[in-house]
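A.B. asks: Assembly of the complex is requested from the two constituent chains, each provided in isolation within its own frame, with the hints serving as guidance.
Sequence lines, in order, name chains D and Z.
Residue numbers for the first sequence follow this note's numbering, so the first one is 1 and each next one is one higher.
Residue numbers for the second sequence follow this note's numbering, so the first one is 1 and each next one is one higher.
Treat the hints with care, since some could be wrong.
Taking lysine to any residue and the SDA-like style, the derived pairs with C-alpha atoms no more than 25 Å apart in a straight line are [to be verified]:
hint, chain 1, residue 1, chain 2, residue 2
1, D, 95, Z, 64
2, D, 83, Z, 70
3, D, 95, Z, 72
4, D, 167, D, 140
5, D, 95, Z, 55
6, D, 83, Z, 64
7, D, 93, Z, 85
8, D, 95, Z, 275
9, D, 83, Z, 60
10, D, 93, Z, 140
11, D, 129, D, 113
12, D, 83, Z, 283
13, D, 83, D, 127
14, D, 95, Z, 53
15, D, 93, Z, 81
Simulated from the structure, these hints should not be mistaken for laboratory data.
Each chain, letter by letter, is given below.
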Amino acid sequence: MTQYAIVTDLNRCVGCLACAVACKVANNVPIGSFWNKVLRIGPNPSTEGSDFPNVDMYFLPIQCQHCENPACVAVCPTGASHKLEDGTVQVDKEKCIGCQFCAMSCPYGVRYLNEEERVVEKCTLCEQKTAQGELPMCVDTCVGLARWFGDMESGDYAQFSGPLGKKMGEVVDEFSEEDVHTLPNVGNNPSFRYILRDMTWQGEE
Amino acid sequence: MELQWPLILFTTFVAWSAGLFGAQGAAALAGEGRRAQMPALVASAALLVVGGVAVFFHLEYWERIFNGFGNPTSGITQELACIVVVGVLMVVAFVMLRRGAGDGAAAGAANGEAGRAAGDDGAPALPKWLAALMIAAAALLVLVTGHSYMMAARPAWDSPLGPLTLLGAACAAGPLTFAVIEAALGEAAGRAIALFSLIGSIANLAASVAYLAFMEMASASYTDVGFYYDPTHPTAGMVDVAALSPFAGESVAMVAVAVVAAAVPVAAALVGRKTGNWKAWGAAGALGAVVGAVALRMAFYSAGASVYLFY
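Next up, chain Z with everything else stripped away, as it sits in the complex (with noise of 0.2 Å):
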């Protein structure tokens, strides 16, 4: 089927949010990057008005929301549910986040250079029970949203990969994402958001590569009638089910981009991890993350077909 752009968007930075509201819950949890919370947290809301904008373009009759999502089986009903949980929890944590700056400047004044030195300079830390309730949020609406796609109707989507692929974009993306916003604020990167990163962009590479496999192998799902002609598109040719591969046509170039882009965080982390150099390593591996996971959405939508293709 056509790109659906604003689809694509939605998806990736509803991952891309949720991705590094997840990783200050695990920084958090660890208890690193304190000072990176609050830019982080903004950052994270920012991405998903980014995203909720986008889908807005998708909608013929937006304000027609507001006269309920009363289907809880529809994914977008879920997904909605999901974003206002994590909404409440953002500001949960921004509360949280000013309350304790206004504690912690107290403290670390009295600390002065000796607090500052310990890494929190005053800078506030969240609860570790909204780090994890954050981390569990954040998880659940990536999979809720990739889980909306999964259709019987599409034999190319209907995998539970489709919503791995976009947890795993949201754990590559994320703590790279965090660990820019530490290094620009002079922190380093810690041990369990470095770690994060290796292993989130590790496993986004694993599952784009898996989901790509199983699009290719979805194309014996389609029904066959063998010869048959649409009176109603008389210069149409057959469907050619070998071209919905998503590594026939312009797909390639779009499988392409989407493995190289999601093998680009892991070496990314790689480095950043042996340098250092989070600002700039950690800008291209999340990059490269948004960027895999876009032209990941693109060849989806490629290999979309329904199961009886001829109408």
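Pulled out of the complex, with its shape left as it was, chain D reads as follows (with noise of 0.2 Å):
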């Protein structure tokens, strides 16, 4: 079984928002929805009651996790949302009935309905470019060399790629176990990881 995923080094990431707007050029993104989203996480205190500049902040990219056990698929009537082989959560828009169960039931809030074409939509770590051998846009455009793009089944992070043919093992720094993070997981096991080092993950994984 293949799990494809994305593993973003937080300390790399510079918050340039090319991600996002690579994405929204590679997919066309409609105006108002986005399929991957960056956000500012603080500045909050490094220990409890410090101040400035005893702060962590980091950049949280954010889009769909391609979950291992995915809500969405669950709810989904028509089978529309599904898991394909390689791991991906995608939408068959031609099935798509538009009840936006699949949204409500993303523990992310990731999925946005199509106003013009009245399906849901969301992330699909650039199916058209992955199957092709190439890399999620986010991924092929990440300034920072922060994004890196695999197979989580194979479980060596190092071979991840990432822009410039590098592989991740050539240019992040080492981490240990404990400096790896999820989003919240409610069962749902999401596949995306995050590396933090020396700053507080905020949040419940």
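C.D. replies: Right, dumping it as structure tokens:
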């Protein structure tokens, strides 16, 4: 089984939003919708009660987490939302009835109703590109070499691919297991991973 | 999230329809309200149709439902299956009532005044097995409909109290509506329906209050990331979790209406039992139950944010 996903080194992310813009261009994402969004988390006290300059701040790119156990797929009545063999969660627009239960069931709120096409959309992990051996646009465009694409099942982050033909192991600094985080897991088992060193990860996992 | 009116109306009308259908079954089991059976069946079917029409306004491509509802884990698929079961039972009940009407008319004519005095007036009775199936199918439809909204992604929704409040609304509105139909036909509401109205209304009120308390407690389940900023919405403030409470902001009015309206059927059932004036008190109680269910669903959507609510 393959599980394509993105690992993001948050210590490298500079919050330039290039990934969000590139995603919009590559996927023709409607105005007002985002398949990929970058939040600034912080500044929050590094330790309880601490004040500037002892604060943590990082940028957090968020999109569909292509969960191992996606609730959106479970609730879809027509099978429009489905999981491919590569582990990604996709929407078959021809089958979507626009009931939006998938959007309600997503813990991260990353699904949108496309008002023009009247179907639900979200990050496809650039299936149109990865199926041809290319990188998702958000990874390909990452200015800080923070985002890396690969198969989570391999367990070898060092071999994840990034821009300029580089591998994650060539670029990213060392990290421990404690530095690897996920968005809150409410049983959906998000596939994406976030690496954050020397700062406190904000929010449950 | 925004109020989803088609879904609010769908769930409320399904509960009302199923409640009335279940009340019919209860009356049939108790051997009461024979003359009200056919009008109640028509009313129950009509309510289900109204709910069905309402939900179509929620769908962007309703015609694609004919492509097949192949996913059994989907709440919508399960609801559709339950609606089909209830629909089949409605047809069976209709056929039996029509057939029985023919036989009963002859019997009624033979019994004459004695038959009318006994309350059957030649009206047909549904078999007990069918009555039991009607109650079970009605309850299942309501619980399955409520269960569709139990999502781990939305802490305020993820409780069995959701389906139970819908069942409560059904158990309040259903028997009270049946009592109104009985009264309109000049029949006094039977003891079973009167008792069902009271117990159902009390259960509805208790479940509604408990569910609102659960929604309030759910605010502790939202992810907290401290300070944050969304560059794509530069003028938007941070999400105020306290505002998601059903007891804050605009939700307060919804909650007040939900609780008061849920209390109305309890009072109506009590006064109805005492005075026997089910036409007025039954109608007031049923209306209260329906309004309460709508208001509770409004609060439900107002409090229904994602566990990670920053995207």
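A.B. asks: All hints, please: hold or fail.
C.D. replies: The hints, checked one at a time:
1. 95(D) with 64(Z): At roughly 7 Å apart (the allowed maximum being 25 Å), residue 64(Z) and residue 95(D) satisfy the hint.
2. 83(D) with 70(Z): holds (15 Å)
3. 95(D) with 72(Z): holds (16 Å)
4. 167(D) with 140(D): Satisfied, since the Cα-Cα distance of roughly 12 Å is no more than 25 Å.
5. 95(D) with 55(Z): Roughly 18 Å between the alpha carbons, so the hint for residue 95(D) and residue 55(Z) holds.
6. 83(D) with 64(Z): Since the Cα atoms of residue 83(D) and residue 64(Z) sit roughly 20 Å apart, the hinted pair holds (cutoff 25 Å).
7. 93(D) with 85(Z): violated (30 Å)
8. 95(D) with 275(Z): violated (55 Å)
9. 83(D) with 60(Z): Holds. Residue 83(D) to residue 60(Z) sits at ~22 Å (cutoff 25 Å).
10. 93(D) with 140(Z): This hinted pair is violated, its Cα atoms lying about 32 Å apart.
11. 129(D) with 113(D): holds (23 Å)
12. 83(D) with 283(Z): Answer violated: residue 83(D) to residue 283(Z) is near 50 Å, above 25 Å.
13. 83(D) with 127(D): holds (12 Å)
14. 95(D) with 53(Z): With Cα atoms ~21 Å apart, residue 95(D) and residue 53(Z) stay inside 25 Å; holds.
15. 93(D) with 81(Z): holds (24 Å)
Violation of the numbered hints given earlier is confined to hints 7, 8, 10 and 12; the remaining hints are satisfied by the structure.
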